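With the sequences and hints as input, model every part of the structure.
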Amino acid sequence: MWDWSYAWSIVPELIKVVPITLIATFGGFAVACLLGLPIALARRARSRWISWPVTWVAEFIRSTPLLIQLIVLFYALPNYGIVLSPMTAGILGLGIHYSTYLAEVYRGGIESVPKGQWEASRALNLTKAQTWLRVVLPQSVPPTIPVMGNYLIVMFKETPTLSAITLVELLTTAKAIGSHSFRYVEAITLVGVIFLLLSYPSGLLVRRLELHLKRRERSVEAK
Amino acid sequence: MIGQTETLRETEQPDVAPPAPERRRGPEEPETNVKEEIRPIVRYRGITKSFGSHQVLDRIDLDIRPGEKVALIGPSGSGKTTLARLLMTLEEPTSGTIEVDGEQLWHMERKGRLVPADEKHLHRVRGKIGMVFQHFNLFPHMNILRNVTEAMVLVQRMPKEEAEARALAMLERVGLQERTKHYPAQLSGGQKQRVAIARALVMQPNIMLFDEVTSALDPELVGEVLDVIKNVAAEGEMAMMLITHEMDFARDIADRVLFTDGGRIVEQGTPEQIFENPRSERLQSFLTRFRGRRADDAGTSAGSMTAAGRE
Ligand SMILES: Nc1ncnc2c1ncn2[C@@H]1O[C@H](COP(=O)(O)OP(=O)(O)OP(=O)(O)O)[C@@H](O)[C@H]1O
Ligand SMILES: [Mg+2]
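So the protein sequences, as listed, match chains A and B. Every letter in the first sequence is one number past the one before it in the working numbering, and letter 203, counting from 1, is 203. Every letter in the second sequence is one number past the one before it in the working numbering, and letter 23, counting from 1, is 23.
The set of hints was computed from the structure by calculation and includes no laboratory data. No experiment lies behind these values; they were computed from the predicted model shown. One should not assume that every hint holds.
Claimed, not checked - Below 30 Å or equal to it, Euclidean Cα-Cα: the simulated BS3-like pairs (lysine-lysine) are:
id, chain 1, residue 1, chain 2, residue 2
1, A, K214, A, K115
2, A, K175, A, K16
3, A, K157, A, K175
4, A, K115, B, K160
5, A, K115, A, K128
6, A, K115, A, K157
7, B, K111, A, K128
8, B, K230, A, K115
9, A, K128, B, K230
10, A, K128, B, K120
11, A, K128, B, K181
12, B, K181, A, K115
13, B, K181, A, K214
14, B, K181, B, K230
15, B, K160, B, K181
16, B, K120, B, K181
17, B, K120, A, K115
18, A, K157, A, K16
To be verified - DEER-style ranges, computed between Cβ atoms:
id, chain 1, residue 1, chain 2, residue 2, range
19, B, R124, A, V57, 31 to 41 Å
20, A, E111, B, E161, 47 to 57 Å
21, B, R110, A, V154, 48 to 58 Å
22, A, R44, B, D58, 26 to 36 Å
What the hints assert, rightly or not - Covered by chain A, per the in silico footprint, the following chain B stretches (three or more residues, Cβ under 8 Å):
id, region
23, 64–71
24, 83–90
25, 215–229
Every residue, glycine too, gets a C-beta built ideally from N, C-alpha and C.
Here's what the structure looks like:
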């Protein structure tokens, strides 16, 4: 059933597309990080004309499947003259979808900054912008880092969805190999193993980071 | 230090009685400055503050003269903090006006009419006011030196070297010159509060608000903070509003003591008048209750009054 020598023979082919998967992951993550911040800020905006539409759109994106959003980006937008490569559509789709999650992470981070920090900034006559940049954001980012790391891993594991828009990533490649040789078991299993080998250590790393941050926080808070 | 020469004369005057009744006037009445009289650094006029339907301050009139040290005492919930927060622009008055150094704080003039102040106006006037909070509110991600220099660099656009030199001098005054590279979390409560005082002082406000700055501290750390405030007060140039439950401290430092209850200033006078000869029944019972509590926990802050400030 399982053919070791065949399995070994297809490993290089699979490894070759790992960079593509990683580019899609990190590209999407970067988009999500950048886009998440304005969404978080807009949702906190005092004016309902800003906060409501943004909240509504973000909820919509978050509660519909990534697959459908990818299909819209890749297959529907060309009807309106916007043609995206599979990689671009993949990065945008992943990024937009997860930006709505990261926005929530940011929001939690921002809200974890005590009211007294805003008041002290005001008493020292810092402007709004200075308060955000020098006081609030530097304090809200560190506690979100482990959560962000987890989302990075989740996005990595989500990349097989991009096979639906013809991006030649791990799953697409495995399926292609399978259809050539009519042997799917080895290829698909190896894809699983590659994901495991990459996500598991990353997960450990994130947990280490989390412990490190917690310990630092505690040593800073003690006394 | 503040470059406000007329304030210096004022603080020497022995007369610190409350404003005479005939000086009270409504906010709309024109100012008839016939008598040569020193302009208050802060002037509350008809200040009312409600949170929802809950009225916290009720038509407060209060003048604070340049360099004057005013202590605010009164039961919990009587509106002391709110009075200070309105001046620090942390809370907006429901009605009434506040003048700072002759200029409206919450209003500005547009075509001869008073309209609500915009952020730019608030920013300008707010520079004359400083505040120290009960819970310090230091910036935890900055070391002590940066906590003190940050606003000088950002707000006053001071070169970094000059800001650091000033910060170091100020930290030395509060006895923390050896802690400049530490982070707030590495300091004791008393040290944190002294940093917070230094941070506010370097901005050279004309009036500084202290809101129960020792009530979050362990009793043995209260003295070092009060000593620092006394030293600052002794310089005389800066007006102070001190909200405190430390009656001995209020008596020592204040030119005038205000007793608030139910959102009104019920009684005011020199420390002697307030503590020795309280007239209103409410103040009398407040002081009695207070002394009773003090006797219970046997002198919270006594003893440590002299030791600290220079370690
Ligand atoms: N942001 C707010 N929202 C609603 N109510 C408030 C708010 N701030 C203060 N209050 C209420 O206003 C009243 C006066 O509060 P304030 O803090 O000014 O009193 P205080 O004299 O400083 O009391 P304490 O001695 O306990 O500090 C209290 O009843 C308080 O609950
Ligand atoms: Mg209070």
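> Failing hints, ascending?
Replying inline: Hints 6, 9, 16, 20, 23, 25 are the ones this structure does not satisfy, whereas the remaining hints hold.
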